[in-house]
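Number of protein chains: 4
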Amino acid sequence: MIIVMEPDAGDAEIAAVEARIRAAGLDVHISRGTERTLIGAIGDERKLDPEMFDPLPGVERSMHILKPYKLVAREWHRASTIVNVDGAAIGGNAVQVIAGPCSVETQPQMNAAADGVAAAGARLMRGGAFKPRTSPYAFQGKGVEGLTMLRNAAARHGLPIVTELMDVRMLDAFLEQRVDVIQIGTRNMQNFDLLKEVGRVDVPVILKRGMSATISEWLMAAEYIAAGGNHKIILCERGIRTFETAYRNVLDVTAVAVLKRETHLPVIVDPSHAGGKAWMVPALSCAGVAAGADALLIEVHPCPPEAWCDADQALTPAEFGALMDKLDALSCAMGRTLERRRSEATIEAI
Amino acid sequence: MIIVMEPDAGDAEIAAVEARIRAAGLDVHISRGTERTLIGAIGDERKLDPEMFDPLPGVERSMHILKPYKLVAREWHRASTIVNVDGAAIGGNAVQVIAGPCSVETQPQMNAAADGVAAAGARLMRGGAFKPRTSPYAFQGKGVEGLTMLRNAAARHGLPIVTELMDVRMLDAFLEQRVDVIQIGTRNMQNFDLLKEVGRVDVPVILKRGMSATISEWLMAAEYIAAGGNHKIILCERGIRTFETAYRNVLDVTAVAVLKRETHLPVIVDPSHAGGKAWMVPALSCAGVAAGADALLIEVHPCPPEAWCDADQALTPAEFGALMDKLDALSCAMGRTLERRRSEATIEAI
Amino acid sequence: MIIVMEPDAGDAEIAAVEARIRAAGLDVHISRGTERTLIGAIGDERKLDPEMFDPLPGVERSMHILKPYKLVAREWHRASTIVNVDGAAIGGNAVQVIAGPCSVETQPQMNAAADGVAAAGARLMRGGAFKPRTSPYAFQGKGVEGLTMLRNAAARHGLPIVTELMDVRMLDAFLEQRVDVIQIGTRNMQNFDLLKEVGRVDVPVILKRGMSATISEWLMAAEYIAAGGNHKIILCERGIRTFETAYRNVLDVTAVAVLKRETHLPVIVDPSHAGGKAWMVPALSCAGVAAGADALLIEVHPCPPEAWCDADQALTPAEFGALMDKLDALSCAMGRTLERRRSEATIEAI
Amino acid sequence: MIIVMEPDAGDAEIAAVEARIRAAGLDVHISRGTERTLIGAIGDERKLDPEMFDPLPGVERSMHILKPYKLVAREWHRASTIVNVDGAAIGGNAVQVIAGPCSVETQPQMNAAADGVAAAGARLMRGGAFKPRTSPYAFQGKGVEGLTMLRNAAARHGLPIVTELMDVRMLDAFLEQRVDVIQIGTRNMQNFDLLKEVGRVDVPVILKRGMSATISEWLMAAEYIAAGGNHKIILCERGIRTFETAYRNVLDVTAVAVLKRETHLPVIVDPSHAGGKAWMVPALSCAGVAAGADALLIEVHPCPPEAWCDADQALTPAEFGALMDKLDALSCAMGRTLERRRSEATIEAI
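Residue numbers (the numbering used here), protein chains in the order written: chain X, 48 to 397; chain P, 48 to 397; chain Y, 48 to 397; chain V, 48 to 397.
Among the hints, a few may not be true.
Given that identical chains are not distinguished, each listed pair holds provided it fits within a single copy or across any two copies.
What the hints assert, rightly or not - Below, simulated DSS-like cross-link-like pairs (lysine-lysine); rule was C-alpha separation at most 25 Å, straight line:
no.: 1; residue 1: Lys94; residue 2: Lys324
no.: 2; residue 1: Lys114; residue 2: Lys324
no.: 3; residue 1: Lys324; residue 2: Lys117
Simulated from the structure, these hints should not be mistaken for laboratory data.
Kindly produce the complete structure, drawing on both the sequences and the hints.
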């Protein structure tokens, strides 16, 4: 940490800063420039915080030199983490696709969705049983019953399931249903009590980026989970909030490239929530993979106009199948492989 | 709701939209323009949603005409709501001040804080026992023990207490400690399960604006609480996230003016978190009251450089006293009155 | 245009709105709902503006139904515009690359840059002679002399040149030097006098998106150029300003997909300014092409650490060559072709 | 400037950084920490730029310690600058008000506006003859003829005039008309050629903040003007662009407080463009003054619903008069004085 003193800071003020650094067990290095004196703290600066120095007399400002995250930083863990979900590896050379409807509605709807998802070759299935809705009057999800429907539908094709946890009190139900991947939604990225709880279980977690969370805040949210002991963390970029109103969010592909450098964790992209319109999904999916995403989280519904939630962003199974073919070619051009489930027909033929 | 059809939409596509509106129990009104056909839904459009129409063939887009909130809207409840907290009215002509440290540290610290807050004339006291911290390694608050310290310190001067609830599982502890006002923090503005729970109790709630929440999302979060039966809701503007990095947040005074028109609920301002620096607090406090805020939420610490949290934004009791005097004059110029607790000395003298 | 009346608007107020619509030569259609009366204007609503109605008594708000741009809208010009720059077609099936240094420094530097750009196969060359710099003390560009250096260097390989115009008074010099493509920078996207001037010449224009310009404002800026008679307009996404500070801008790939639908004009991407770091350029270039960009604008410098401007974002010729190979494979996977200049050696061999 | 080396940077890489600092004439100070080596440049760091170091091998990042602006910084010019406009002092203890219509339309309209502005006691008059309009089809201003109308109307009451310059080629016309204050609009804040030109004349300049300009960029734009020799610069906060869509811009009152500390230049507020609605203007005007603004720039039109531009944000003369009374009381409460022109009647009576 560097503490920049005001131009007219005196020796007593410098000494007070020095004392506070030493009290935290770090060493001190002073550099007197022509316009400012700088005080450097030598040692593990994560023990220090700007607010320990900024209120002191004579201090102009103080800055961390190191990033605040450690467990999730690539600096300290060079090899990429691969999260294995029932045989599907996320974070390695393969590109994975997780697909399914926004919300669980009925068993037949889920079965049809699972059929479409499996036929197109996706290796994992998603579906929301608990829905974070802006309006208290909107459909709030089928709850625990929805978890069972999702589990049943996915089981018909041996697909692991991904679903969102909103409330700490529901974690036991998720464990009972053997949810394969717990999703933490954008509105809960800094719900720290929830992060602490999923940090205590041995289930992979998809941590969606908060709507206006910085890379640093996002990685610190992941650090909460890792600090609890759960290192199976997958970061999901889902579009950020900006001034633009022509589309719901701005898919931040730069974040994908930056995260692959900053952290060893897998990074995936949700093109469906990013744009908010089905017709944008192919372009955003391709952009995500081209930027380096390890997987995609795509909404697919057997009949989008009848969907109970986010109807305008779901692909039909046919559209999804065509996109999978495109992603296949693209992954190959990027030097990766789209992992694609072989259809039952193919499996039987072998 | 208005549904705008694409230029080449045919009769069958228009009929499909019409059918969907009628199925929801509303009437239909069609207007054929030179470039577009518009379909209007007549009736309670809150039963409809753009995503019911946008995925239909031939639909360009659809728009709500009415605001999505109802219980909290001034349109349906013209008189301003006044939330009475143990005799301190928030939302009427009086301007209130809630003050205290960012976090509860020790009983002596809290007592000193309470003394300073009371001496300057604030009518309510704040203090955080559960702290939402970006880093898992930072001080997370004193927890239930902190609630007791806050209660004890405030009781010495008869001040009602305001403190943040982060986790639904802690609500019972808040009720046991008879917390006078439950604060929902910026990161939990859309923690819908938490909103539902505080909607079920009879305790005033301060609902802070999410870091990048729109006015509409914020009012819909308030609607969650109101829909549960708790109408004692106070909205708190605390600065929004923008591109600017010279200060922590941008205090959005326009939101104050707009909310006073859109909702009947009281609106207050937190100048301490907005700017993030103690020296900004007086200017931002004055701007907040000048824009129409019903109360201020100000951080005061007996010795800011020693504070365990947000040290750089707390005022000393002396600075706070001087600010109260300024707010007194300002409130008066705005045609309001700063409600100011008479000091014990004054009370005794009467 | 739809005018939404306030709940208690009376007949006189409705009549006043009606009169104003008819005065502009449009027809009127009134729809009385249960909560609001809506007044629709039938005809060319581009003659109307919300500010004609919003200040009238009884009006709640008014909304355009149509987009404000016309000449640049795909709705009125279905076929994609292909801008031909000296044989290089931008906007068709081919993907083009424009490359070169941020700023023109010396003739040897420009020659080396041109050699590298040509060797890697780019079809067009860029270089800045007039530089918009945040600081008045920073290098402001070589001016007219720089245009000559750029022209000379590019001529050695027959590359058309792209360079930025900042000041209307310099347009003649650009025409004299036969600049092949005039670039309007992000800070001048709404310099309307400059837009009007480049609208009067017959030279292709690259219009960069303003740092926080909406899609609509950007297309209206293009409409200024088109309205002047110059239809050779190329839109360039170069990253937008958001709350994120970990990188310079956020490359908005959603804008690429949306623009390809909204306008018939070519859309290109500048991955160098978007991220601000050379190591991000390959990922962002790929993401841009995957999202549908028609060309890329890439900074290449013979020796980046010696560059006088934006040194940290330029690729070396070798890095650029490797990226061209990657883009070749990617374009192919996307069903397009990277247009690649054959090297002199190859040409001679034929 | 501090250069942070990568953890594994070797002696040769450190030496290369050192050489580059010394080549610029500064001294070097090296600090070896446990996790990083830091290299400090001692001397006038404005000669250095991060891009001189960031591309060098072994450099993680580099940071300025000092602010990039000098002429406009309060650090180097402690006393507040007072810009005197024909007797009206902006930047001292008095609070000034500049009022008038958005655009000059006709001589009678301007005369009526001037009468209203003068009657309410404002000391300066504004009016736009050249209008930056988003649409090429919208009214673009009356041009030079409009300047004359503004001058004539204002002269009837001896009011100095403030009007916007968009195009360098019009500067001579502004000087001929003896425009008292030249306004640089938000879209031209970084039109550096325009800034250089107004830096060469001896006329006060109001520099509006760019729609998404940081404080630092804004002050650097002012530095362009000051570097040219014109120190009569007035900064105008007019609302910034954010994610919020319920109002046009977010008036950034924090910027006012921060600027009063960072620069010696006067800071004023435009509440009319900030909110975009007349009903918001009183609240935003009060908030601006409460935050410390030295003047307000308020739109007043004799008949807002008939205004040719921004009709929905202009106050009537009567509304403006009432606001002036409120500002009078408020300025007094803030320890300042609203400077108010005595009416002709009063003057005659003396």
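Do the hints match the structure? See the list:
1. Lys94 with Lys324: Classified as between; 22 Å across copies, 45 Å inside a copy.
2. Lys114 with Lys324: Close across copies (19 Å), not inside one copy (36 Å); limit 25 Å.
3. Lys324 with Lys117: between (37 Å within a copy, 23 Å between copies)
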